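> The residues making up each chain are set out below.
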Amino acid sequence: MSTNTNQNPKILCVVERAGAGLDDTAWELLGAARALAGEGGSVGAALLGEGVGELANELARGYDDVWVFDDARFASWDGEAYARALAPLAQREQPALILAAHTNLGIDFAPGFSVRAGVPLLPDCLSLESAGDGSAWEAVRTVYGGKVHARMTCTPSEQGAMATLRAGAFAAAEPGAEVTGRVHAEDVGDDVGQGRRPVRTVEPEASEVDITQAAVLVAVGRGIEDEENLEIVQSLAEALGGEVACSRPVVDKGWLPKSRQVGTSGLTVKPKVYLAVGISGSFQHVGGIKGSPFLVAINKDARAPIFGVADVGVVGDLFDVVPALEAKIREAKG
Amino acid sequence: MDIVVCIKRVPDVAEADVEIERSGLRIDDSDLSWGMNEWDTFAVEEALRLEAEHGGTVTALTVGGEDDEEVLRRALAMGADTAIRLADDAFEGSDPLAVATVLAAAIRKRPYDLVLTGAVSGDTGSAQLGGMLAALLGAGQVALATRTAFANGKLEVQHEVEGGLERVVELDLPAVVTVQTGINEPRYVSIRGIRKVASVEIPVEGAGDLGLDVAAVGAAGAREALSELFLPPTGEGAEILEGGPDEVAEKLVERLRERGGI
Ligand SMILES: Cc1cc2nc3c(=O)[nH]c(=O)nc-3n(C[C@H](O)[C@H](O)[C@H](O)COP(=O)(O)OP(=O)(O)OC[C@H]3O[C@@H](n4cnc5c(N)ncnc54)[C@H](O)[C@@H]3O)c2cc1C
Ligand SMILES: Nc1ncnc2c1ncn2[C@@H]1O[C@H](COP(=O)(O)O)[C@@H](O)[C@H]1O
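Protein sequence lines, in the order shown, are assigned to chains A and B.
Count the first sequence with my numbering and you get residues 1 to 334, in order.
Count the second sequence with my numbering and you get residues 1001 to 1262, in order.
Extracted from the complex, chain B is given alone in its bound form (with noise of 0.2 Å):
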């Protein structure tokens, strides 16, 4: 089976205060760390369990800029057999069809099976463009997988649906799936093990390569603009207790008593 999984490089905002640049665009990423989008983590752990299991190859995609090609990189420490960053100054502004289209027009270009994504980046949480990905191929999609199975030429693929439950469908392939968190534990990567694919020549395929019309990507087709970033209004917020921890912990069990928790 021949895989392909898109991944995508984001900034890691946890436990950061994060600040807005003054254009109001984008936040300071100065000092974040960035990583693999904590889902298409998961998309490439199960690319690589298909592939172990069934054979074929796995190749993995982002659409980005040269600091991106680190989770390339990574996908490849993690076992992928190919790596291609998509990139094209003509790619700059695109809003998400466009980056769909970018990765459409990659995957035509080989043979493949079956394409994972990550049901959600944490960094735009928009979940949207793996069914773009689907629609623009002409393949059968199904979103928020929590299990997949080959055999018989079929994917088997459990997803979440609403309530609580989940659905075990079953699709034709070439098919793309999006991936949801827990589906497996993606492998660790080691410190050597990146090392083992820092010398790996990363080939680039732009908008020529790609066969693409450069009015359909970039700002100039772009129907989606950002035209603000501003910090969530915090009105209504919780009322913050302050001291030390016993302190704390004291005018909580106070509130706790009020509130009938005790």
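Same shape as in the complex, but just chain A (with noise of 0.2 Å):
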């Protein structure tokens, strides 16, 4: 542990693109690392693509190092090449810990890479710091759906430690005016690629419903229990003149088409106002609520984790308040 303690550390950072640009969690990543480094400490980006040479600029503006694996391999995300490209990489430069995002690139890249780069792994950390002395991490999380909030210790191996971040937890670094760390071109090894191979992109199907433009939706989860209650949503949608949207589960059970998913696998929405009707409030659900809307949960259970992020809550049955809601809506619309 000589090169690893937590006091001025080095500190690696996995950044994902978006697009053609970069993931804001490339940002959020450096504000974490940044507080976590200290004034003595440094703070490096991985970044992996095909012809990322502007972006891997755009990073030097913030981080102290860029290493850029520029190869086809990574034009699309690969989180099995990733992890072994990156190895060789992390046994080179030694990072006391490694940071990545909680994405679903994230999930597919980062246990994998842990094992390989011999560290123990914190996913999904809420808060991260140091502790006992700089001997240890620890991070909270969540667990039970987000019901219960979980302390946790990490006591890193000889290599360091990693963990990956949630989206939206950790406050962005902004990137400066000026171009002021290094940039290094790393090299790819042959045992990349191998194993699996991409085929192709699939994007989502077309709807006749656009529920990312709608001012109004009414998201039913799964509360709603049965595919014939949705008629009960429906109309309060209508008499709302907003859109009916819905949780994961609902869309898994065949109820609803994956056009009308809120999410981090779903669509990301940007409405006025938010009704949440039967949803847990899990992140994956509520990460894909964006814009501030004005969030309305009603729900039977009063510790739902969505009464955390809702502006108003109900909690009730939602048989009962649903169709109360919609007559008096009606009868205020006269």
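Pairs of lysine-lysine residues, derived as DSS-like cross-links and limited to a Cα-Cα distance of at most 30 Å, are as follows:
no.: 1; chain 1: B; residue 1: K1251; chain 2: A; residue 2: K290
no.: 2; chain 1: B; residue 1: K1251; chain 2: A; residue 2: K272
no.: 3; chain 1: A; residue 1: K270; chain 2: B; residue 2: K1251
no.: 4; chain 1: B; residue 1: K1251; chain 2: A; residue 2: K333
no.: 5; chain 1: A; residue 1: K272; chain 2: A; residue 2: K253
no.: 6; chain 1: B; residue 1: K1196; chain 2: A; residue 2: K253
no.: 7; chain 1: A; residue 1: K258; chain 2: B; residue 2: K1154
no.: 8; chain 1: A; residue 1: K253; chain 2: A; residue 2: K300
no.: 9; chain 1: A; residue 1: K300; chain 2: B; residue 2: K1251
no.: 10; chain 1: A; residue 1: K253; chain 2: A; residue 2: K290
no.: 11; chain 1: A; residue 1: K253; chain 2: B; residue 2: K1154
Honestly, the hints are just simulated from the structure, not real lab data.
These numbers were taken from a predicted model, which means no experiment stands behind them.
Could you fit the two chains together into a complex? Lean on the hints.
Right under this line is the structure:
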């Protein structure tokens, strides 16, 4: 552990791209890493992609070092190839801490990489601090579907430790105006890209409704219990002049099409008003609600996490509240 | 195709008033109902679907105590050929890497082409076991699968990437795939189905059977430990409207009107 105390640590962030640019989490990782590294530490980024020179320069406006893996094998995300490519970098640079985002891509890449790098992994952290006089890391994460929080302590191995951070949980650091960091081109080994090959990307199916454009959304979750009961939220949405959206289990059961799913594996919506009906409020669902709408939650469980993010809540049975609300709205509209 | 499915028993907390025990290290689970982790029900179904189409075997594994045998029995009732419980006093206090190490040791002992796990456990929410297992086994992996198809010795897997996109990849076998909900429709298991497998002997394998170094698993080797469970701070939570359905509906209409929702 000689090189790996948490005092002035060297931190490596594996950043993610989004479309042609950088994902927001690239700057959230920098914010988190800077806070942990302090004045004496250093913060580097690993960037993988094809033709990503511009992005490397952008990162070098905030990160001290940027290690670039520019190769056709990284054109599309491949957690397996990423893990293989990055293991030698971690071995050479010996960071005390490796950070990545807990996104779908982070989930694909981080666990296998942590084993290859020989470091313990703290997944999906809401906070991360140095603990035990610099000999450990302490993180808060959610367990039991967000109903309980857990404080975890992680003792680094000789090789350090790794954590993935929940998107949006850490304040982003702004890049500076000038390129101040060093950009390094990295070699890519022959084993990278073996065993797993991309075949094609599948775009979401086109649909006649576009919930991303709706001002009012009535979103329904597993609490609706049965496909037949959807009718009550459909007529509430109609009364409000809004659209019906839903959580993932409703799509999994085939009750509504994927084009109505809100969340990290569904659509990102920006309505003015969002009614969450029988939805517990998992971060994967809430992560798809942007633009701080007026959020109303109707749920019979007073401890459902959705009440932690809603503006107004009704603790009650949706089968009573939803029809009552629809009636009052129709009354009010005359 | 010989398929191993890793399954876990978890409590259902969706509508429960979760209380934390005084130790601060456990929730009071005495009143909770338990069952197979939601994602794992899809993993078992996917294994059975592939077996039905291509032949082979399905083996269900869990690292857990006697109570956890229940989910292995459920897997058998769904149609799995074999179920094995991995248990040993030496496994107590294992961190996620140690659980993966135990599973890897059990999987290595038998012929396998494919390992399926759930994408995530509903209790710990870690979403890491499958990836760790793959690296330990030296097998390829892909996370968050929404479709699998086997042809010409290769497995085609569609999986969720970012921004609502999915990608199809081709994997050499053996491989580890973590399974998302919605990939299939897990079959219903009747009480009768469970009864049919009630007397099946479920073997237990321990550290010795698996050739595991006890220093590498359990509390001794753990690099991660829980220091405290607590209820999320409720500081800025929602304004809760009180009253019967009509009363709250009235108040909601008012709020919606203020906020331009009506
Ligand atoms: C990688 C990944 C990506 C994911 N992506 C998404 C995504 O894009 N979108 C998404 O939504 N989920 C996603 N999920 C799933 C997510 O983790 C949750 O499982 C899901 O959001 C839960 O949906 P829910 O709230 O409808 O169901 P539950 O969590 O089961 O909640 C149901 C709620 O209904 C309440 N309820 C029950 N009956 C009533 C009643 N009669 N009246 C009032 N309330 C009632 C209950 O109290 C409970 O709070 C993803 C998961 C993973 C691992
Ligand atoms: N104790 C266990 N025994 C068997 N499989 C497990 C165990 N814990 C986790 N898993 C598997 O790993 C998946 C992901 O779990 P996790 O990484 O804990 O979120 C689960 O869906 C299971 O398939």
